[in-house]
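Peer 1: Make a model of the complete structure from these sequences and hints.
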Amino acid sequence: MNNDTMQLWIDSFLQCLAGLPLTLGLTFVSLMIGGMMALPLSVMHSRKTTWSAKWVRMFAFFFTGTPLLVQLYIFYDGVGSMDWVQNLMEVPGFNFLREGYFWVLLGLIFNTAAYTTIILSGAIRNTENGEVEAGRAYGLSAAQVMRHIILPSSLRRALPAYSNEVILMVQATALASSFTLYEITGQAHRFDSTNYQPFVAYVPAAILYLLITFVLVQAFKALERKYLAHLKPRAH
Amino acid sequence: METLNLVAQYLPRLLYGAFLTLMVAVISFVLSFIVGMVMAQMRLSRLAWVRWLASAYSSVLRGVPELVWMLLLFYGIQMWLNQWIEFFGFGQIDINPFTAGVLVLTLIYGAYFTETIRGAIMAIPSGQLEAGIAYGMNKWQVFKRITFPLMMRFALPGIQNNWLALSKATAVVSIIGLEDVVRVAQQAGIVEHRSLLFNFLSAVVFLFLTVGSIALFRYLDRTYRKGIVEVRYE
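Going down the list, the protein sequences come from chains U and G. Following our numbering, the numbering of the first sequence begins with 1 at its first residue and continues without gaps. Following our numbering, the numbering of the second sequence begins with 237 at its first residue and continues without gaps.
Just so you know, the hints here were simulated from the structure itself, not pulled from any lab data. What you are looking at is a predicted structure, and each value in this text was computed from that prediction instead of being measured. Not one of these hints is a red herring.
FRET-style restraints, in silico, Cβ to Cβ:
1) G:Met259 / U:Tyr196: 29 to 35 Å
2) G:Met259 / U:Met36: 37 to 43 Å
3) U:Ala161 / G:Tyr460: 22 to 28 Å
4) U:Phe96 / G:Ser449: 37 to 43 Å
5) U:Ala229 / G:Ser295: 22 to 28 Å
6) G:Leu433 / U:Phe94: 22 to 28 Å
7) U:Phe214 / G:Leu258: 33 to 39 Å
8) G:Leu317 / U:Thr49: 54 to 60 Å
9) G:Ile321 / U:Ala222: 48 to 54 Å
10) G:Tyr460 / U:Asn95: 55 to 61 Å
11) G:Ala244 / U:Ala222: 55 to 61 Å
Facing chain G, a subset of chain U residues (Cβ under 7 Å, in silico):
12) Thr66
13) Gln171
14) Ala174
15) Pro198
16) Phe199
17) Ala206
18) Tyr209
19) Leu210
20) Thr213
We put the CB at the ideal spot given by N, CA and C, even for glycine.
Peer 2: Now the structure itself:
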């Protein structure tokens, strides 16, 4: 490999690296807000018949039943071009509505909120009845049982499924590159369009994603060892 | 009324787009299932290097976003192929987005199927397979008559998940230019200044696909559950 090629690879890698903070930032913010939304939503979702459960079910059905890309188009092109939103953009302080960031984040947040709701509500419904009965026997109210017993236990048991969701969210942020955001994929795309070297542009991006995935897998393994220790098969 | 006319005007293109989406999804599904079967056998091989190869394949393919694979293969392979062809003095080749999309989705979801099928094969009680061997069946017969039908019951929930994820992942092929329902709708939305309406229509196509698939899988589940006595709780 001659010097020029080497330099090209280094440039490409550095440019992808410049997109890393945005990739991590988008993932982190959407997971945080989406996760906070999912907590009350999953409690409603786990109830079978209430009207709020029906609405949450519709929400989850829509956001897990359609591609994220379509959801992003709905927010960015669709909602973003509505008259009242266009008017709102003119109002000082609402400039952020012009940028891709806001709409992409909105899409990512709703998407992860829906998937997390389903994961969590599954864990809530699988709570051992004995745990709930023990709480009631101690005189806890239904809300206290939810707060002190069902939720802590469900959050732990949801960990393996949630780790998948986190990794899929990192990968989902790649779609932001179609909405003028320069995260890892966006930077790689930019490098390709200036240098016409698709391999040199996208291989470093792929390696970065692999590294993020690897770190996350290890981190979640450690978390599971800590929080799911009580569920490990015991030696007799 | 005006809205209805507008939708009617685009309906043939939207329907053809939906057909392309379904084709990409179904072809990639069948191919990735086959890839997954082969790779799952490799992951359960007695040879360490074969196991390592299959597990490297599945980790690398699942660790990178679909879009990045798509761009890498679509633009990368195209350029690489054309450099070779130029070298031999032929003209240009264009890989079309359809082929590139099917190829990438097959490779990625092949990796997901590897894990699903491996888990399902491992869930089969080994006595079942030993019984087959004891009857004098050869490896292929054991696979066809015992491993495969028994495995399907354990694999079905995973297969359903993979299929649902795969059918939604076809949307990404629109970014490299396939005129699927997502792209037709998005562009119609921009041209007609009705983005909310048109993108919502493509969302509805996927919702129908999801509902239809769930019904189909419920039927398959009953088929592969034949002869299984369920423990009933409550």
